[in-house]
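Trainee: Chains as they are written, first to last, in our numbering: chain A, 115 to 438; chain B, 93 to 258.
Source of the hints: derived by calculation from the structure; they are not laboratory data.
Where a beta carbon is used, it is the ideal one built from N, C-alpha and C, also for glycine.
Where hints are given, some of them may not hold.
Stated by the list, open to error - Per label pair, the in silico range of CB-to-CB distance:
(1) B:S197 to A:L211: 38 to 44 angstroms
(2) A:I137 to B:Y207: 47 to 53 angstroms
(3) A:D226 to B:A138: 45 to 51 angstroms
(4) A:L243 to B:P218: 39 to 45 angstroms
(5) B:F201 to A:M347: 21 to 27 angstroms
(6) A:N253 to B:K170: 39 to 45 angstroms
(7) A:D194 to B:A174: 22 to 28 angstroms
Said to hold, decoys possible - Pulled from the structure, derived: some chain A residues nowhere near chain B, Cβ distances all over 10 angstroms:
(8) L160
(9) V176
(10) I188
(11) L214
(12) V265
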Amino acid sequence: MELVAQLLGSEGARMVVGLIAVIALVSVNALFLIWMERKVAAHMQLRPGPMEVGPHGAFQTVADAIKLMGKELITPAEVDKPIFWLAPIVIFLPVLLSFLVIPFSSTWIIRDMDVGILLILAFSTLSVLSILMAGWSSNNKYAVFGAIRSVAQNIAYEIPLLVTVMSIILMVGSFKLTDIVAAQSGLWFVVVQPLAFILFIICATAETNRAPFDIPEAESELVAGFHTEYTGMRFALFFLAEYTNMFIAAAVATLLFLGGWHGPFLPGVVWFLIKVYAVIFLLMWFRWTFPRTRFDQLITFAWKILIPLAFVNLLITALVLKLR
Amino acid sequence: METKTGEPLIHLGVLEEALNLARANSLWPLTFGLACCAIEMMAAGAARFDLDRFGAGVFRPSPRQCDLMIVAGTISKKMAPAVVRLYEQMPAPKWVMAMGNCAISGGPFYYPTQYAIVPGADLIIPVDVYVPGCPPRPETLIEGILILEEKITKRGRLRKFRDAKG
């Protein structure tokens, strides 16, 4: 009994249990989010959405997943094979690693690292690499265009995102996510930093490649963007990574601005998940309300409006902190 | 060595049935229309009719991610190679639906001396379900999809209603 307790308390066991929990969470989350996306889309267009598979179509994504597993995996003749095979895996790994430092409550965290927020931002940048790999190796002009647009967009939106996050870090004085949430026990940072919150949400929408900034996969001009040539489970992995990225973006928004696990009555984990899914609903609302921006408008918006605003916000924050 | 195609070597009863059930309930069509039938296809995907209820509303733009090709409209001789190519680009368990009289047999554009159109999609690709009409109403397209589901699973939602009617 003592041995079991000792084993469970050890660092290795924590990692194994954490990994299993994260993989389970990622799969269930993606199944739920895709169903939610289709339902939200349908209700915004006055349709019922999936209705036939399970109660209100609740098992629709399960059917989709089983079908995708049974599809043929096509590797087109002229593709760069190793890179083509690697890209779906490379897009999925950083997404899993980001969960390492996300605190679901004051105790539910796999590793509470000093550089938590930096780690998440660094890993989220890695997904650009795999998009570029997928687009380049596909040997398809639409895929390459999608990948190039994605890289340009992600680099442009990374800067205001980082600068916005810096203004929060200036206030807290720590990169540790648990410290950032603990500093919000009284007042959420969304009240103190409303401009930063708006900038962060805009940048997060662009980072996760979602409408109105979904030009890397704009189907009216680029077929399906960087995953045009992917079939079956390889395509499903891109989908899984996209929806998990959405979860991570919403989780970071919750941790930085919406007070993480703080809330009355309910346990911390429940509050955290409620806030995360509320932010995800906001992102879905954007997608089915706004038309897609043009590419030059998107880049102009990032460099001429978002980046100056983010720097102004950072300066004001620094000034206020210095004068206080 | 002789290789047989079509019949699989091992039958995994329940698993295959589950797979077929999943396939029947998530038929993603190709975003692809040739003529006026495509307008009715769009109507079937939109508010009043909503193909998404049956899991068939995810219109994928890339043929690599589709299960169902709805040939919606007249196939001109110039377009025929493109249609065949799109069919060939789709991954293996795939189905084709000929929507409208033009895709079934050439419709009003077919007469003995014509030189411009292919009279029937089944002359160039294998067709599973024919949906007649000029153009067919969205309800007809939905019935076509339900019949295709019946064809895939060997049992269907429609059978219940048909047996009740007698």
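Trainee: Hint by hint, say whether it matches the structure.
Mentor: To see whether the hints hold, each was checked on the structure:
1. The given range of 38 to 44 angstroms is broken by S197 of chain B and L211 of chain A, whose C-beta atoms sit roughly 57 angstroms from each other.
2. Range check, I137 of chain A to Y207 of chain B: Cβ separation about 60 angstroms, and the 47 to 53 angstroms hint is violated.
3. A C-beta distance of roughly 49 angstroms is found between D226 of chain A and A138 of chain B, which places it inside the suggested range of 45 to 51 angstroms.
4. In this structure, L243 of chain A and P218 of chain B meet the distance hint of 39 to 45 angstroms, their C-beta atoms being roughly 41 angstroms apart.
5. Between F201 of chain B and M347 of chain A the beta carbon distance is about 42 angstroms. The supplied range of 21 to 27 angstroms is therefore violated.
6. Take N253 of chain A and K170 of chain B: their Cβ atoms lie about 26 angstroms apart, and the range 39 to 45 angstroms is violated.
7. The hint said 22 to 28 angstroms for the Cβ distance between D194 of chain A and A174 of chain B, and at roughly 26 angstroms that hint holds.
8. The Cβ of L160 of chain A does not lie farther than 10 angstroms from every Cβ of chain B; its closest approach is about 5 angstroms, which violates its non-interface assignment.
9. For V176 of chain A, the non-interface assignment is contradicted: its Cβ lies about 8 angstroms from the closest Cβ of chain B, within the 10 angstroms cut-off.
10. Listed as outside the interface, I188 of chain A is inconsistent with that label: its C-beta sits roughly 5 angstroms from the nearest C-beta of chain B, within the 10 angstroms cut-off.
11. Separation of L214 of chain A from chain B is adequate, the least Cβ-Cβ distance of about 31 angstroms exceeding the 10 angstroms criterion.
12. With a cut of 10 angstroms on Cβ distances, V265 of chain A stays outside the contact zone with chain B, its closest approach being about 20 angstroms.
Taken one by one, the earlier hints fail for this structure at numbers 1, 2, 5, 6, 8, 9 and 10, listed in ascending order.
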